[in-house]
Amino acid sequence: MAVAIELRDIVKRFPGVVANDGVNLSVESATIHALIGENGAGKSTVMKILYGSQQPDEGQIFVNGTEVHFKSARDAIASGIGMVFQHFMLADNLTVWENVALGMPEKFAPKNIIKRVEKLSAQYGLNVDPLAFVGELGVGERQRVEILKVLYRGATTIILDEPTAVLVPQEVDELFESLRGLTAQGATIIFISHKLDEVLAIANDITVVRAGKTVAQVKPGGVTARDLAQLMVGSELPSPDTRSTMQSDKVTFSISGLTLGPEHKGGRNLLHDISLAVCEGEIVGIAGVEGNGQTELLETIIGIRTPMSGSISIAGIDVNEMTTRDRREMGMGYIPEDRQREGMLLPVPLHVNTILGYQTSAAFSHGPWIDQEAAMKRTSEIIDEFDVRTPGPSTLAFALSGGNQQKFIVGREMLMEPKILIAAHPTRGIDVGAQAQVWDAMRTARDKGMALLLISADLDELIGLSDRLLVMLRGNVVANLDPATITKAELGRYMTGAHTAQDAA
Amino acid sequence: MKLKSLYRSAQAPIIAIAIALAVSALALLVGGYNPGRAFSAMASKVGSVESAALIVNKAVPIFLSGLAVSIGFRMGIFNIGVEGQYLLGAALGGVVGAAVDLPGPIHVLIIMLTAMFFSMLWALIPAVLNVQKNVHIVISTIMLNAIAVSVIAALSKTHWFITTAFRQTRPLKPSAFFPNLNTPLRWIGIHLPKGTQLFGFVIVAILVGVGYHILMGRTRFGFDIMATGINPTAARFAGVNPKRTILVAMALSGAIGGLIGMAGLLEDQHAYRVGEFPVGFGFAGIAVALLGRGNVSGLALSALLFGLLERASLGLSNAKVPREFSAIMVGLLILTMVIIYELTTRKVQAQAIKEASELLAKTHAEKVLA
Numbered sequence: 001m002a003v004a005i006e007l008r009d010i011v012k013r014f015p016g017v018v019a020n021d022g023v024n025l026s027v028e029s030a031t032i033h034a035l036i037g038e039n040g041a042g043k044s045t046v047m048k049i050l051y052g053s054q055q056p057d058e059g060q061i062f063v064n065g066t067e068v069h070f071k072s073a074r075d076a077i078a079s080g081i082g083m084v085f086q087h088f089m090l091a092d093n094l095t096v097w098e099n100v101a102l103g104m105p106e107k108f109a110p111k112n113i114i115k116r117v118e119k120l121s122a123q124y125g126l127n128v129d130p131l132a133f134v135g136e137l138g139v140g141e142r143q144r145v146e147i148l149k150v151l152y153r154g155a156t157t158i159i160l161d162e163p164t165a166v167l168v169p170q171e172v173d174e175l176f177e178s179l180r181g182l183t184a185q186g187a188t189i190i191f192i193s194h195k196l197d198e199v200l201a202i203a204n205d206i207t208v209v210r211a212g213k214t215v216a217q218v219k220p221g222g223v224t225a226r227d228l229a230q231l232m233v234g235s236e237l238p239s240p241d242t243r244s245t246m247q248s249d250k251v252t253f254s255i256s257g258l259t260l261g262p263e264h265k266g267g268r269n270l271l272h273d274i275s276l277a278v279c280e281g282e283i284v285g286i287a288g289v290e291g292n293g294q295t296e297l298l299e300t301i302i303g304i305r306t307p308m309s310g311s312i313s314i315a316g317i318d319v320n321e322m323t324t325r326d327r328r329e330m331g332m333g334y335i336p337e338d339r340q341r342e343g344m345l346l347p348v349p350l351h352v353n354t355i356l357g358y359q360t361s362a363a364f365s366h367g368p369w370i371d372q373e374a375a376m377k378r379t380s381e382i383i384d385e386f387d388v389r390t391p392g393p394s395t396l397a398f399a400l401s402g403g404n405q406q407k408f409i410v411g412r413e414m415l416m417e418p419k420i421l422i423a424a425h426p427t428r429g430i431d432v433g434a435q436a437q438v439w440d441a442m443r444t445a446r447d448k449g450m451a452l453l454l455i456s457a458d459l460d461e462l463i464g465l466s467d468r469l470l471v472m473l474r475g476n477v478v479a480n481l482d483p484a485t486i487t488k489a490e491l492g493r494y495m496t497g498a499h500t501a502q503d504a505a
Numbered sequence: 506m507k508l509k510s511l512y513r514s515a516q517a518p519i520i521a522i523a524i525a526l527a528v529s530a531l532a533l534l535v536g537g538y539n540p541g542r543a544f545s546a547m548a549s550k551v552g553s554v555e556s557a558a559l560i561v562n563k564a565v566p567i568f569l570s571g572l573a574v575s576i577g578f579r580m581g582i583f584n585i586g587v588e589g590q591y592l593l594g595a596a597l598g599g600v601v602g603a604a605v606d607l608p609g610p611i612h613v614l615i616i617m618l619t620a621m622f623f624s625m626l627w628a629l630i631p632a633v634l635n636v637q638k639n640v641h642i643v644i645s646t647i648m649l650n651a652i653a654v655s656v657i658a659a660l661s662k663t664h665w666f667i668t669t670a671f672r673q674t675r676p677l678k679p680s681a682f683f684p685n686l687n688t689p690l691r692w693i694g695i696h697l698p699k700g701t702q703l704f705g706f707v708i709v710a711i712l713v714g715v716g717y718h719i720l721m722g723r724t725r726f727g728f729d730i731m732a733t734g735i736n737p738t739a740a741r742f743a744g745v746n747p748k749r750t751i752l753v754a755m756a757l758s759g760a761i762g763g764l765i766g767m768a769g770l771l772e773d774q775h776a777y778r779v780g781e782f783p784v785g786f787g788f789a790g791i792a793v794a795l796l797g798r799g800n801v802s803g804l805a806l807s808a809l810l811f812g813l814l815e816r817a818s819l820g821l822s823n824a825k826v827p828r829e830f831s832a833i834m835v836g837l838l839i840l841t842m843v844i845i846y847e848l849t850t851r852k853v854q855a856q857a858i859k860e861a862s863e864l865l866a867k868t869h870a871e872k873v874l875a
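First to last, the sequence lines map onto chains A and B.
Read in order, the letters of the first sequence are residues 1 to 505 in our numbering.
Read in order, the letters of the second sequence are residues 506 to 875 in our numbering.
The following block holds chain B by itself, in its conformation from the complex:
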């Protein structure tokens, strides 16, 4: 039974990936490239221990972003604003982190809390506008993304920022560096090449993932969010305060969003550099949330898949294929996954209805016979 359901749940993504690959191959052919060479060039980029670490590193912020977006999804809110939330959080985390001088763990914690706090504040703006004035969250979050970028640009003209090759926050002291996992890996016999690290932040991502899973699946708050997402009217009759739930959910989404940029800030760049700091995780998170369907393991797998494709796309230049093809593949993958999931859901639902009505017919017949 368990194996069967596992097979069933694995079936959909495998079919989706196969279709996406087939269509990608077609697109490559049309473009005049050899799909076989392109795919093998991509595959050559992902075999090593080094690439595994890099894929995970890439997946960490995308996974966190997926979690932030999923909280909104669960209650029927489309929070497009994670992008602006995490960037603003990271920039201000960088400013505050450079301004204080504290012992190791506390320094790191202060920066993380600062980023979470400002990201949360930024997420609360659309939430309050929605609750008070019924402003649509999609619209307000899109606009707040643009505003966040402008705020950071304005901030970069203040004395909190310095000019190197980029406008950037003052570099963080080593006490604010988040430890990587290279040493523990060495203990278990895995040696990463020099210059490569596995982000220690992967631990934070796992903890947040577990927390999300427990919160959504086992608590009253998670129940309220789920009920509101499925049927807001019934949720109200069941005593859920919709306004309060929107505010709390958006605050939580924003707080998690604040962590997205932390691996980059605390483990990689050690400063917020305007124009250099990695962007786009907020949008990748939307795609991952769509694929993962609010389910933590689904989110993690989707994020890893994104990391994998990103890494593999580096191989495309070896096959003389433009890197843009990787964007095409990601797009196709999301599209096929969403379609296949929808079809499976319908099939499962139709099956449930059939079972229930067969039972009804049977009990009816028994009644008649008796």
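With the rest of the complex left out, here is chain A:
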């Protein structure tokens, strides 16, 4: 069969990180090719390069055997490559055909457009009414409108970025039906995902990306989900085995029976009866595929969401009724999931960011007054101790690379010496050397008695750091594991639900 898309030795560097470091991809025409990998493995960078929105530093791209150099997405579209983003870009108050026509540089002839949309919809079995208003369509149908948009622009290769993330199971089946229809008509699909069972169900070929490299191309017939998980995370186990034995049984932080109601009426509970305890000098890890309630758990712990029932307490004191500020003052440190959105004030200097979250702490304020000098001094400490690469403490936060911003946030929270540190993805996006530094800092803090709740997508990190390991699946804690004996592959099976809680006991 002919090769529709080929990437050879793609390298893409960003300040401080190499996002792609030797990516090879060969997609056969009229097939569904899955690209899988952990968060941060470099999948989306590959796709941005293929879609022309970023240019590779090294390597070649071939479309139907001809080398291409995309300067922008427009070039990619001209070569017949289209992309359906995870977040739809549709105007709700327009009809399907209007959305399809939107932004097209051609003469406005509604009749012709409607006719063509109808024809495409029928040809590829997408089953979309061109006259329907997008606002009235369900999520699955909207996604098909996005696919129609791409087809209308002449795409023969369609990239779908995590298309199932927004869909419920029935819609996933419908999408797969549509995708099979598309390939039957000669279209090529590149399917990005980290949901292994779905990938096995739909793909003709699977390419695995790990740490910026493509590590394997396999056929779904020859592998199991467990094999794929192993390929995704790599087989080598993390180095740390300096587990301290001086854990106490004094509970610093506990959650009991925490249930968080559904987002929309009639939906399922976002969190269901979660109970956990973190002792003084203990790191409890929470594993789970993204989107299984971790975000909601974090937001409930910090006090941004209000649970239906259950309680949260710090050092035996119930903080359920307390505001976020009260919880912070009680000694709750917080490394947020999304550093720029939740943890930084980008347009202002680092020394102002040092105060963020600790406006009322005695370290930086006396009565109503903010102590700028203390903040400045602390900022220098953070920069020194956590190796933040910055021209100085007064540098504006956005000037730092993502990894350095992350190190700064970790340093800010750790140096406040909280009783309980809630750490979400503490090493996401930072390079390997810095990662080891952060891990060391967390271990040292643990040994000094800090309690840490670690939520991460990095299985090495979870297994290497945690004293106990919980697994979340669909808003439930489904397993309580001993990281000393678990392997990454096994953990992966708990995370995807292949293993059940009964097996764990």
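Incorrect hints may have been included.
List time: in silico DSS-like cross-link candidates among lysine-lysine, alpha-carbon distance up to 30 Å [to be verified]: (1) A:K419 / A:K250; (2) A:K265 / B:K859; (3) B:K859 / A:K48; (4) B:K852 / A:K377; (5) A:K265 / B:K852; (6) B:K638 / A:K377.
Simulated restraints, written as ranges between beta carbons of each label pair [as the list claims (entries may be wrong)]: (7) A:D440 / B:K859: 47 to 57 Å; (8) B:I652 / A:A122: 39 to 49 Å; (9) A:D326 / B:Q854: 32 to 42 Å; (10) A:R268 / B:K859: 40 to 50 Å.
Some chain B residues flagged as far from chain A (calculated, every beta-carbon gap over 12 Å) [claimed, not checked]: (11) I708; (12) I711; (13) V745; (14) N746; (15) R749; (16) L864.
Simulated from the structure, these hints should not be mistaken for lab results.
All residues carry an ideal CB built from backbone N, CA and C; glycine is no exception.
Mind docking chain B on chain A? Use the hints.
Frame of chain A, contents of chain B only:
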């Protein structure tokens, strides 16, 4: 270093003023007027001690209005309602001031507090609507401006108001007059011509300005407002209660807004006259806040610039140029300033990113060499 940064920060407004003047000259030419004559006629109006005092007098309420608007800006709220807030505050301040009879300073203070109180109440309406029902503050404040004017009109039909040439509140007694600064000026050898005064309220404006500067730059509350304005999500994670912050900030904005009309009421007109009391300061404050960028000295300079242009525009009639041209100039000035500021900000940001990434590249190289 200090001089250089001073030069840098002065650069942008000077360029903006130059461009605005150039385009204004073009507009004058197109209109068939002689720009040279128009500008010199304007300049002739601003040379004297008298005009300096009048410019400052004009700048005082605009500056206070700029402060009131800036509090909202700092936290990402566009409070259009300062206009209605200050007018309502001034009208009710006038009513209460005429109804009571108290010794000097207390009488003045009561009127000021009354105006601040009602202006604050008026500002709290959109704040509560926003916090409780998520009503957009721009929309509600615009509507409340219109309602405030109607409320004053309705009020003017009550027995609290009398009819002279205008419907007006009963005149204030001299105990409610705010002292002007002519006497202290005379001590230092500056003599204002008869009939001209320098508002004593300029002292109040300076005090409020200093207070604003300290509150925003040095306190926890100012930090919360700044954090909310920059990144509301991060502010929430950092323990800022967004609803409470909106309420307090709007209340504060309204209270400062109440002072806007006080110079006019206590030093100039000594009564609230419907149709005669100076309007438009609330909107001028929005422009000044845009130009001043939440920075007190920037606000003060912008307010003075507004006062200057207002004063200079009186000269236009001598050059047989319609006064509306001054409005064109003010508009052009705001536009060029905003654009130039935006460009400078981008330049500064790009420079910061460049410095940080150069450092990163350097340390990387050192690592490799080592």
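Outcome of the hint check:
For the hint linking K419 of chain A to K250 of chain A, the alpha-carbon distance of about 12 Å falls within 30 Å, and the restraint holds. This hinted pair does not check out: K265 of chain A and K859 of chain B have alpha carbons roughly 49 Å apart, beyond 30 Å. Only pairs whose Cα atoms come within 30 Å are accepted, and K859 of chain B paired with K48 of chain A is accepted, the gap being roughly 24 Å. In summary, the hint linking K852 of chain B to K377 of chain A is supported, as the alpha carbons are separated by about 28 Å, within the 30 Å threshold.
Our distance criterion of 30 Å between C-alpha atoms is broken by K265 of chain A and K852 of chain B, whose separation comes to about 48 Å. A distance of roughly 43 Å separates the Cα atoms of K638 of chain B and K377 of chain A; the hinted pair therefore is violated under the 30 Å criterion. Between D440 of chain A and K859 of chain B the Cβ separation comes to about 32 Å, which falls outside the hinted range of 47 to 57 Å. I652 of chain B and A122 of chain A have their C-beta atoms about 56 Å apart, which leaves the hinted 39 to 49 Å range violated.
In this structure the supplied range 32 to 42 Å holds for D326 of chain A paired with Q854 of chain B, their Cβ-Cβ distance being about 36 Å. The hint said 40 to 50 Å for the Cβ distance between R268 of chain A and K859 of chain B, and at roughly 49 Å that hint holds. Taking the minimum C-beta to C-beta distance to chain A, about 25 Å, the non-interface status of I708 of chain B holds against the 12 Å cut. Residue placement check: I711 of chain B keeps its beta carbon more than 12 Å from all beta carbons of chain A (closest about 22 Å).
For V745 of chain B, the shortest C-beta to C-beta distance to chain A comes to about 7 Å, within the 12 Å cut-off, and the non-interface label is violated. A cut-off of 12 Å between C-beta atoms contradicts the statement that N746 of chain B is not in contact with chain A; the least separation is 6 Å. The Cβ of R749 of chain B sits about 9 Å from the closest Cβ of chain A, inside the 12 Å cut-off, so the non-interface label is violated. L864 of chain B, annotated as away from the interface, has a beta carbon of chain A within 12 Å; the closest lies near 6 Å.
Hints 2, 5, 6, 7, 8, 13, 14, 15 and 16 from the earlier list are contradicted by this structure; the remaining hints agree with it.
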